[in-house]
Amino acid sequence: MSEARQFNAIGRRVIRPDGVDKVTGRAAFGADYTLPGTIYGKVLRSPHAHARIVSIDTKKASRMPGVLAIVTGADFPKVGSEEITGGEGAGDYKDLATNVMARDRVLYHGHAVAAVAATSVAEADAALAAIKVRYEKLRPVMDIDTAMADDAVVIDEQLFTSGLPEKPSKPSNVATVMELKRGDVEAGFAAADIVLEGTYRTPTVHQGYIEPHACLATINQGGQATVWASTQGHFDVRSGAAKVLGMKVSDIKVIPTEIGGGFGGKTTIYVEPVAILLSRRSGRPVKMTMTREEVFRASGPASATKCVIKIGAKNDGTLTAMSAWLAYEAGAFKGSSMAPGAMCVFAPYKVDNFLIRGFDVLVNKPKVAAYRAPGAPQSMYACESLLDELAGKLGMDPIDLRLKNAVEEGCQAAYGPKFNAIGFRECLEAAKRHPNYSVPLGPDEGRGVAAGFWFNAGMQSSAEIHINEDGTVTVIEGNPDIGGSRASMAMMAAEELGVPYERVRVQIADTESAGYTNTTGGSRVTFATGMAVIQAARDIIGQCKQRAASTWGIDGDMVDWADGKAIPKPGVNADVKPLTLANIASNAARTGGPLLGRASLNARGAGPGFSVNFADVRVDRETGKLDVLRFTAIQDVGKAIHPSYVEGQLQGGAAQGIGWALNEEYVYNKDGVMENAGFLDYRIPVASDLPMIDTQMIEVPNPSHPYGVRGVGETPIVAPLAAIANASCAATGVRIRDLPLSPPRVLAALEHAAS
Amino acid sequence: MESFAYAAPATLDEALDILKSHRRRKVRTQLLAGGTDMLVQMRTSDREPRVIVDIKKLKETNRLNVGGKDTYVGAALAGVLLTADKQLVARHPGLVEAVDLIGSSQIQGRASLGGNLCNASPAGDTIPAIIANGGVCVIASANGTREIAAEKFVVGVGRNALKPGEILLGIRFPKPAKRTSDAYLRFIPRSEMDIAVAGAGVSITLDKSGKCTAARVAIGAVAPTALLVPAAAKALVGTRLEPAALQAAGAAASDASKPITDKRGTVEYRRSIVAVLVRRAAKIAAERAGALK
Amino acid sequence: MAKVHVSTSVNGQHTEFLCEPNESLLDVLRENLQLTGTKEGCATGDCGACSVTIDGTLVCSCLVLGVEIAGKEVGTIEGIAKGDVLHPIQQKFLEHAALQCGVCTPGLIVATKSLLDSNPKPTEEEIRYYLAGNLCRCTGYDKIVRAVQDAAQTMRGKRA
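Protein chains in written order, with the working numbering: chain A, 1 to 755; chain B, 756 to 1048; chain C, 1049 to 1208.
The set of hints was computed from the structure by calculation and includes no laboratory data. Please read these numbers as outputs of a predicted model, since none were measured by experiment. Hints may contain errors.
Beta-carbon label-pair distances, calculated as ranges [as the list claims (entries may be wrong)]:
1) B:Gly899 / A:Asp671: 48 to 54 angstroms
2) A:Asn669 / B:Ser758: 49 to 55 angstroms
3) A:Val195 / B:Thr1016: 35 to 41 angstroms
4) A:Ala753 / B:Leu819: 36 to 42 angstroms
5) B:Arg914 / A:Asp397: 57 to 63 angstroms
6) A:Lys670 / B:Arg818: 28 to 34 angstroms
7) A:Asp397 / B:Pro998: 37 to 43 angstroms
8) C:Gln1082 / A:Asp397: 55 to 61 angstroms
9) B:Lys775 / C:Gln1082: 29 to 35 angstroms
10) B:Glu1023 / C:Lys1206: 52 to 58 angstroms
Every residue, glycine too, gets a C-beta built ideally from N, C-alpha and C.
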């Protein structure tokens, strides 16, 4: 984008098109669909974290009242190893299939073992209780240190560490190692005036979307399935279900319902293929919904991690070397977010010498799924915490330390490419100027600063635009609207076509009605699908110019499009009235037929997102409780299409990050059973836990997008962890390196420091 | 019995009859007040069928009487009705605080004092407050009514002193003496919506000079049942709640506690914060009773 | 024992249904009466997505038995707007972008109405504590609190 541009539709705070349905209860989410004859599917789940399945006896259950179908792993086809592409998390279809329904082993507490479909949920539950499964218990592997020990129980005997120069001789719980490096890290540390090192741990956490996974599936006699699913990516549900069930992609149609939150957790499949299979066996539509407990135990949380960071710097704050040792729990199957975590960890900083080593580690927990900037919050929590310590040791303001080393346009990112226009410095400078940054602090209060980064994704998107006979506009695209994207699509279409926003409607279409589109994830929708919508609109404009030209009897290239009208180019000697979209649409039959614009693309050039957050907290020294007094989130958002929903992303990400920092964690007992599988004891922030989240949007346009859009959804969760931890350290005087900063942990640290 | 049944008797006699007749037929019954614990248990830990006997229509469980000598709080009254009663708030502010801390606004639309007692969770918020206020449980059976001190009502984790056929009608509180007030504090990791990691209910009586003449200290979530801690009260009586006295009361509470380590806290942490809560609650109660700041 | 016949009123409409004695009001609303605006987020009273009122009192419908509402007046999200005219709370939630995914929104709107009916001028702290039982994972609550404040002001203006 070269020159500053005046916009008409975008940048306004309009009412979202799906809003009325969502405030009146009419919007239909995953569990809200029912067909005539619908029956209910429920899943029997493993009571053990690690065991061999000796036998499954479903005879008694199959004779229970109301039971119409029972399936176990034996009813699913064998699926070969094949990498999953297009989704947000790493993985393999063989593992996906085994995660959907266990075969010979259960690999975590809650792993699906069998499923029943019955005429009521109560009957299905009763039948599950009547299924007899014999297990031979195995020792569970519940953390990184245990999993990586030389004498560790190996979870998968077929798993040999990849990423090493040669194939190892023994299987291991380490699925993958990766290394990123530049320069000479040892020389860099030797050249430093100060070298700091710290080991940081983060617990297993959950995305915590309020709507549990839900779907309704029906399959006809011809073998064609229709699935209504609450998902971030219905095309991924289709491809995943097809692989797991050995079906043709064309035999599965997935209709996305409204989705009650996902944050990455609804980018894969759990109950959907099971529902299809139960429908096939019973001949009835099958509805499956997870309970909240099942969501915690059996969907995909985010990796627990252990990160060791080392930083060398000159006395003036110049970084000379950085190293990171990053281990991420993958859960029961390979494919954690270690790689993006490793790529992000030093991304905001210029450093000539670095070494990053990452490890993807199997444990007997549910297979992790993406969670908002997957991988980045954990590694960057560690790095941003240690930078805070460095600033303290050097006596520098933490923002100044970051300004001293901040990447800017033209710098080569630690993960490879050269940065285009980015707004990290602008965010740091804005933070320094922000009035909240100079609010005086009281006793037991502290302020903490941290930076955040996320690449943002492009990937494949499709869009169609139909110009209706009255000149109104229908946009058809394939990304479930998880936070207002219908509004931004409509605004971009309106902007491009020059029509009022209110004349544009956006339809999120099913897998047979929208062109292939990658998942709603990677902060890609407004960028990539938005670009498809813009291109489809330009397709329409091109056609409209032709239609006007033929109406006027002049050449197509003699027509301009301005303010939603076709006009003759200056100097064209034609005495004609401008033609609006409505004029052209109403006359379409006479000029070549309906106006249909299309675009499909694989978007490149997603602009990376940088943020700077700072938090003020107060500690209760007698209980160890931390209260967040103020929170300020500053982020380069490229161009905010709908500012309110962009602010909402910053605020929501901050709240999730604050929860991660303060209280959220999976609490496991010694048998590998999660003890807090509910919203009572998995403590996500409630309204009274938080202050207002102050936001400041910095707009450094992304040159790869017609309007300068860069993704905004994921970056906001990255910085809060360290911002809160650094504030906690400032308030308490004690550095705690393990999250969460729960009251018992803080009090213990205070007492330890006092003794 | 293979399936659930529901009864909502309109009178106490009818309710007692239902309990008796089902007992004779060996059919399980369970009393329902607000149901905020019971429905969760029915869905998770205790799915066995039973006859649910809803006691919300009885006048005895719905009566609230604050004006007289004693305060009487019907066992089934929802929390919102108690927190909205200005007389009750003035007379037993700590008790109402405890009610107000149970769950969300939604939970307070249903949850009752009687239910909180009968559920007998070690962490039940109102239980230490009821004990600190000298609450007495009024229990009806076919043989008439009996009364038992609140601290004797809960006998173990999830177990109460009700015998088969009995119904907790309400809780009676002696009218607080002059210059008496109470406070309840609990500790939770969030600001709302959690189960107490520890709790403390304290009632303080002062003389005109501001000296403490009587006290009751009860603690929650640090033992299988809420505990009345006479040693903590003793540490306060005769003092002006100076820091040393508060410290001693807190230490006594800590000594009396028998906590466990679970997902909500450790033994050490609970021991440590129960002392803090006793100190803070005693101070608030004394201020309310008229102590000079 | 067989299902129980229950006669009640939902959003001012006389309503009858059959339900199991242990069936929750939430399931009755969603499954028996097809009022799916009331959402299930946890079924344990911890998230507030299933908020409704019974005789004007805010409750979690997952913690009420369907049989208990005989003779009572139940208010759900479907009864907040009057025909196609949105309630000011609904309007302000839209204007302030106080929803992202929207699944907690029905519960929040029902709870907010209950708050403002009893406390027309709540402080920020009162709003946050009253709504603490309504989990929202998308917004960080900021815009929700602002929408409630603005709705309160609008409603006070209408009353005056």
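Handout entry: Violations among the numbered hints
Key = 2, 4, 6 and 9
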